[in-house]
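J.: Chain by chain, the residues run as shown.
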Amino acid sequence: MSEGERRSFWQNLVRGFQDVVYGMASHDMTRYALRTRSSMEHLFILTTMGDLLGVPILPPYYSLRLLPYVVPQIATWKRRMLREKDLSDVLA
Amino acid sequence: MNTLFAVIIGVLTFYVGYRYYARRIDRDVIQADANRMTPARLYADGVDFVPTSRNVLYGYHFKSIAAAGPIVGAITAANLWGWLPALLWLVVGVCFIGWASDYSAIMLSVRNEGNSLSAMAHRLITPRSRTIFFVFIFFYLLLVAGAFANLVADVLNSQAQAPFGIIVLMAMGLLLGQMLYRWRVGLILATAITVGLTVVAVLLGPVPAISGIFRDGINAGVNSLSGGQPLYAVVNPMAQAPTNVLPSYIFWGLFALVFCYLGSVLPIWRWAQPVVYIGFWITAAAIVLGLLGAALAVVVRPELAAFNLPAVKAFDGGSGGAFQPIWPMLFVTIACGAISGWHALFGSVGTARQLEYETDALPVGGGSMFTEFLLGLLALLAVTVAGKGAGAPAFASGLGGFISIFGLPRPYAESLAFAAFVVIVLVVTQLIFRVMRVTLTEWLGESIPAFRNVHVATVVSLAIALLLMLSGTWIYLWQLFGGANQLMASLSLLVVTLWLVSSGRSATFVGIPMVFMYVTTMFANLVTAYNLYVTVFAPSVGKAGREMPVVGSALMIIVALLLIGAALVIGYDGLRAYRRYRRPEAGAPTRAPRPA
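Residue numbers (our numbering), protein chains in the order written: chain A, 1 to 92; chain B, 1 to 596.
If you are wondering where the hints come from, they were derived from the structure by calculation, not from laboratory data.
Because the structure is a prediction, the values reported are computed rather than measured.
Heads up, some of the hints might be wrong.
Chain A regions said to be covered by chain B (calculated; three or more residues, Cβ under 8 Å) [stated by the list, open to error]: (1) 19–28; (2) 34–41; (3) 73–86.
Interface residues of chain B toward chain A, partial, derived using beta-carbon atoms under 10 Å [to be verified]: (4) TYR58; (5) GLY59; (6) PHE134; (7) LEU180.
All residues carry an ideal CB built from backbone N, CA and C; glycine is no exception.
Take the sequences, apply the hints, and build the full model.
T.: Spelled out as structure tokens, the structure:
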């Protein structure tokens, strides 16, 4: 095993260990932060693009102005809103 | 027999089971394919479906499934039947059933667009099987909350060195949340301060000036309210006489429930998550040091490596009229270290949706289960070398001995072991109440609007668990929890079996464990209901001062019968579904229906 390969092996080992520790200690917190951000974004979409669901909250003029910024998120938003959910989803 | 030999058995089990059985199933039956799209890559919504490194997922999955279950189960079983039956069930269970349950539930979800087990049961069996799944989940949560709260109250009440560390942990949880999310302090600095102070507090626990405050100050003061007399007695089938309940036990029980109340109602970043985070470092340190100590003890301190518990105590571990045959009771007493329904449930909704490649499912799901087996083995070793005492004190004594090999004086090492035990139980219990609160809101919020209020839903959950904690008989509570958990596991294996049969593949590796676990758990629940009636309900009913055991045993018998009834219904539906997929009639679907 060359010096480079050996260093790479140890680097991978340390990196793997760091990932495992992160997974145990902090991955949950990261997921929760992502969920919170996502909920806020979805609330924003509902407020601005409520027309899509038949809930006109904002005057259409402002909705149209914001439309280009919201378009990239609409597919994810729809999928998340329409995905079948049940009680066991609360566990994750 | 000594600890090194047991550790070698554990490592060999891990290697042989994983290398020669699990990998073969993964390759030949499930045919995991790294090129096939997983839900995480397909949907990639950046929230629930996120492709994640398998190392991170391994840590995440292991931490989510490894709680107090493997520890308490192994301790209880060793005290009832001896260490050998417990060790054999751990080894056989994890090799042939446990990993298969966890791994297959993850793969089922991965191959079915990230759907949960309950959604798959709805699709593959009958719509009502989803409802039955929820019944299992609710009673699982309720029973585990009652059993764990009981454990915590007992340790805090009887071990004066334990409460100080837990109180400081509460304060540090609040401080960590504030530092991370409000003051924006870096994670490493915040971790160093809060974890460091908590560890110092844990180690200071045995100092007489501190432990005296709890033993002679708080406990004695609270007990003086009743003049030092017990408030009532609960039936303890493991002892010759009933166990007296003192006011200090109720005080610490309420303390544990206040902890859980805060975990349920405060924003998760403010309390629950920081406490779990700090607790992780304490338990991880104790477990890693304990495992290393168990392996090194033979060389460094041979007196700490010798087994002091008989290999086989009895084939019927019951006493006082209770019936505790090895089969089926061992198989529900030790749940999580060998097989657990919770793992499958969590794997299908949490881990499966983050799997980047199908080929990661085995190291993540199977690997975590084998690692949890090692945790169960450590608990078994700790209680076996301790020899005397029961439950948490024996575990802490044994684990403290292993940790003391690294130079930490024995009282402080035992204090760390006690803290690890209480923390691992308490942080899980607070999360359980959080889930129970949401479950109650979802179930009853429509018909009873008051349940939409977080405080009402939490207090009702706490009140039911408190009733179980104060009136229930611990050993039966634990075995009933194991029964609910194992029935959930057999249900998960049933769903996977039907999925494999419906797609024309061999289902032997999950089908045989499913039948074994289903039959075993049904009988175990019957035995528990019988034991409750014979040893608690019948001798107590109509007697003055025995109202609490009567209420507790009646409640638990009803739960046991409810679980049996629910399992019979789902077993019947499962059998019909199996016949439908196996020998389809003309016009009947030959494959499981696809999602809409």
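J.: State for each hint whether it applies.
T.: Right, here's what the structure says about each hint:
{"no.": "1", "hint": "19–28", "verdict": "holds (count 10)"}
{"no.": "2", "hint": "34–41", "verdict": "holds (count 3)"}
{"no.": "3", "hint": "73–86", "verdict": "holds (count 5)"}
{"no.": "4", "hint": "TYR58", "verdict": "holds (6 Å)"}
{"no.": "5", "hint": "GLY59", "verdict": "holds (3 Å)"}
{"no.": "6", "hint": "PHE134", "verdict": "holds (6 Å)"}
{"no.": "7", "hint": "LEU180", "verdict": "holds (8 Å)"}
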